[in-house]
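Work out the full structure: start from the sequences and follow the hints.
In my numbering, the protein residues as written are -13 to 518.
Keep in mind the hints are simulated off the structure, nothing from the lab.
Nothing here was measured: the structure is a model prediction, and the numbers come from that model.
Be aware that one or more of the hints could be misleading.
[As the list claims (entries may be wrong)] In silico lysine to any residue, SDA-like type, Cα no more than 25 angstroms apart, as pairs:
hint	residue 1	residue 2
1	Lys387	Thr443
2	Lys190	Pro60
3	Lys371	Ser446
4	Lys182	Ser151
5	Lys58	Asp69
6	Lys352	Asp449
7	Lys352	Thr369
8	Lys182	Lys344
9	Lys190	Glu507
10	Lys58	Glu507
11	Lys337	Arg405
12	Lys217	Glu194
13	Lys217	Lys190
14	Lys190	Leu424
15	Lys344	Ala286
16	Lys182	Glu236
17	Lys344	Tyr411
18	Lys58	Asp37
19	Lys509	Ala286
20	Lys217	Ile237
21	Lys352	Pro296
22	Lys190	Val331
23	Lys58	His44
24	Lys352	Tyr411
25	Lys182	Glu194
26	Lys58	Asp285
27	Lys509	Tyr499
28	Lys387	Tyr411
29	Lys344	Trp303
30	Lys371	Arg393
31	Lys190	Thr443
32	Lys58	Glu194
33	Lys344	Ser354
34	Lys217	Pro265
35	Lys509	Pro296
36	Lys371	Glu456
37	Lys387	Leu424
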Amino acid sequence: MTDRLTSLLRWWLLLGFLLGFGYAPNAFAQDQCERNGVVFGFFNGVQTLEDDAQRALHQHLEVMHGPTTPNKEPITYELFYNDTQGFADFVETFEQRLQEQNGLLAGRFELFFSATQGESSWWDALIKAIPALGDLLKSLFDTFLATLLRGLTSQLGSPNMVEVSARHQAQIDHRASLNQKMLFLAHSQGNLFVNKAYAHAVGKSGAEYVRVVHVAPASPGLSGRHTLADKDIVINGLRLTGTVAPNTDEIAPYSDRPPGLNGSRDLIGHGLLEIYLNPAVPTSGRIRNDVMTALRELDAAPRRPMPPYPDFISNPWLGGFRPLESYGPTNASHRVDSVIYETTVPQVFVKTTSGWLKQSVQYPRKYSETWRFLGPGMGGYQTCKWDDHPYPEHPGTLHQKECTYERMLWMDFSRVTSRHPDELYRFHDAPVGTQLSLTTLNFSFPDISFAFQTAVTFYSGHDGLWNEYERRYWQEPYQSYGPGPWLNESEILAWDAAHEAYRQEENRRYERYEAESNEYEEKRRRCILPSA
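So this is what it looks like as structure tokens:
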């Protein structure tokens, strides 16, 4: 297993050098006046190691084109990395084919890439010793080429491709926010990504601020000038299956090609460093001219002042108001939980713009009302009736009330009548003008206890006619055992936690806003341009 992993790693590295695709820079000092410059974006090809792409961008492209445009605006070099994969199945196929040769070449698939780069004297010796290997190289090369073509084109709709494009768009959005112009150079499969990136960048900045240079484009559509060698076996293979760009340059046969920028030669004619940027190959001059033309066009594009930095906008809190704390009744020996008022004279309430309003009532000469207090230790009532009664000592009758009460609580009735009955709360959304006529009114009290008293006063008896009455009073000891349970504790704690998380995130957003705003103002101060 260790030998196999070692061979896989060796193959991977050799493939990267063979195809010569590229990567993005480590953090490096950028020009202080970023908005006046150009970002040079490199879109690498398929199956490219990140380190190889970095070297292609910074050790070669950056050296070739320098730190500034022809108009001396700074150039920032940035990789728009493509990490799609496409050759794992070829590794398995190659390994299987080698195993079939009596195990002589098992685990040695790196020999294939040596042969494709012209280091084949050992292969000729093997063929003489084992004639059966005579067609193996061509068969494996055909398999490799078919896999390469499939890898270049088959993943366009895959989640990985979508993820890569989204990452590129985020990089473009950042550069557009700095008001930078953009030049994209794409090689091989990177051209499939650069066309999407170009469309996104034009939408962000405008067509005059974006340019594309295509190298060995694997895409049928182009967004700018292109370079394509006539002996690029990969693109020629694509030409057999669809439309590709026309060739622009003739290159020497493999046997006459000098080593490329990485010291290697490329049999398939597709490598960035071996072929297209190789100064001994005509493609290098065309690419350099295309890049310089694009930079001059970007220099000529009008320079715009930095747009204003957007104000901070708070995210609305969507969690509503904090729930009201709800407690169970106090555990007391005497407590009023509710009061019920019943009357033969309807009580009328009208809904107004400011709430419910009680109407004045004309009481008849004959009516009655009853009060009931409910709760632990309560359970009493009082009923009073109004009527005309004969008056023995004078002719006619006298209007008088007669009351009966049993275990009635001694308290101020105005405490109750000053409250709205529960029925009104049930109709809180009634339209203005609604009228309610109630003969039974319920008043709920979360807790009316007598915490500062040692006794509760009750009375029972009768208020008779002619001011005659029988009434007895007594007191019962009162004891409170503390408040009831918090009924909605979990709801309130959850609301508090959610609101605190919202508040902290808003604070972090504002801190980020202040930092970015300060950075923007510093850039604007350094990079401010005269009005056009």
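Evaluated hints:
1. Lys387 with Thr443: holds (24 angstroms)
2. Lys190 with Pro60: holds (21 angstroms)
3. Lys371 with Ser446: Cα-Cα ~16 angstroms, so holds.
4. Lys182 with Ser151: holds (7 angstroms)
5. Lys58 with Asp69: Given pair lysine 58, aspartate 69 is violated - Cα atoms ~33 angstroms apart, limit 25 angstroms.
6. Lys352 with Asp449: holds (17 angstroms)
7. Lys352 with Thr369: Between lysine 352 and threonine 369 the Cα gap is close to 14 angstroms, so the pair holds against 25 angstroms.
8. Lys182 with Lys344: violated (70 angstroms)
9. Lys190 with Glu507: holds (21 angstroms)
10. Lys58 with Glu507: holds (24 angstroms)
11. Lys337 with Arg405: Given pair lysine 337, arginine 405 holds - Cα atoms ~15 angstroms apart, limit 25 angstroms.
12. Lys217 with Glu194: Given that 25 angstroms is the threshold and the Cα spacing comes to 34 angstroms, the pair is violated.
13. Lys217 with Lys190: violated (37 angstroms)
14. Lys190 with Leu424: Roughly 67 angstroms between the alpha carbons, so the hint for lysine 190 and leucine 424 is violated.
15. Lys344 with Ala286: violated (80 angstroms)
16. Lys182 with Glu236: Judged against 25 angstroms, a Cα distance of about 29 angstroms means the pair is violated.
17. Lys344 with Tyr411: Given pair lysine 344, tyrosine 411 holds - Cα atoms ~14 angstroms apart, limit 25 angstroms.
18. Lys58 with Asp37: violated (29 angstroms)
19. Lys509 with Ala286: holds (22 angstroms)
20. Lys217 with Ile237: OK: lysine 217 and isoleucine 237 at ~7 angstroms, within 25 angstroms.
21. Lys352 with Pro296: With Cα atoms ~74 angstroms apart, lysine 352 and proline 296 exceed 25 angstroms; violated.
22. Lys190 with Val331: Answer violated: lysine 190 to valine 331 is near 75 angstroms, above 25 angstroms.
23. Lys58 with His44: Satisfied, since the Cα-Cα distance of roughly 19 angstroms is no more than 25 angstroms.
24. Lys352 with Tyr411: Judged against 25 angstroms, a Cα distance of about 30 angstroms means the pair is violated.
25. Lys182 with Glu194: holds (17 angstroms)
26. Lys58 with Asp285: Given that 25 angstroms is the threshold and the Cα spacing comes to 9 angstroms, the pair holds.
27. Lys509 with Tyr499: holds (15 angstroms)
28. Lys387 with Tyr411: Judged against 25 angstroms, a Cα distance of about 32 angstroms means the pair is violated.
29. Lys344 with Trp303: violated (38 angstroms)
30. Lys371 with Arg393: The hint holds at about 18 angstroms.
31. Lys190 with Thr443: violated (81 angstroms)
32. Lys58 with Glu194: holds (18 angstroms)
33. Lys344 with Ser354: holds (19 angstroms)
34. Lys217 with Pro265: With a Cα-Cα distance of about 17 angstroms, the restraint between lysine 217 and proline 265 holds, given a limit of 25 angstroms.
35. Lys509 with Pro296: Between lysine 509 and proline 296 the Cα gap is close to 15 angstroms, so the pair holds against 25 angstroms.
36. Lys371 with Glu456: Status holds; Cα separation ~16 angstroms.
37. Lys387 with Leu424: holds (22 angstroms)
Hint compliance for this structure: hints 5, 8, 12, 13, 14, 15, 16, 18, 21, 22, 24, 28, 29 and 31 are broken, all remaining hints hold.
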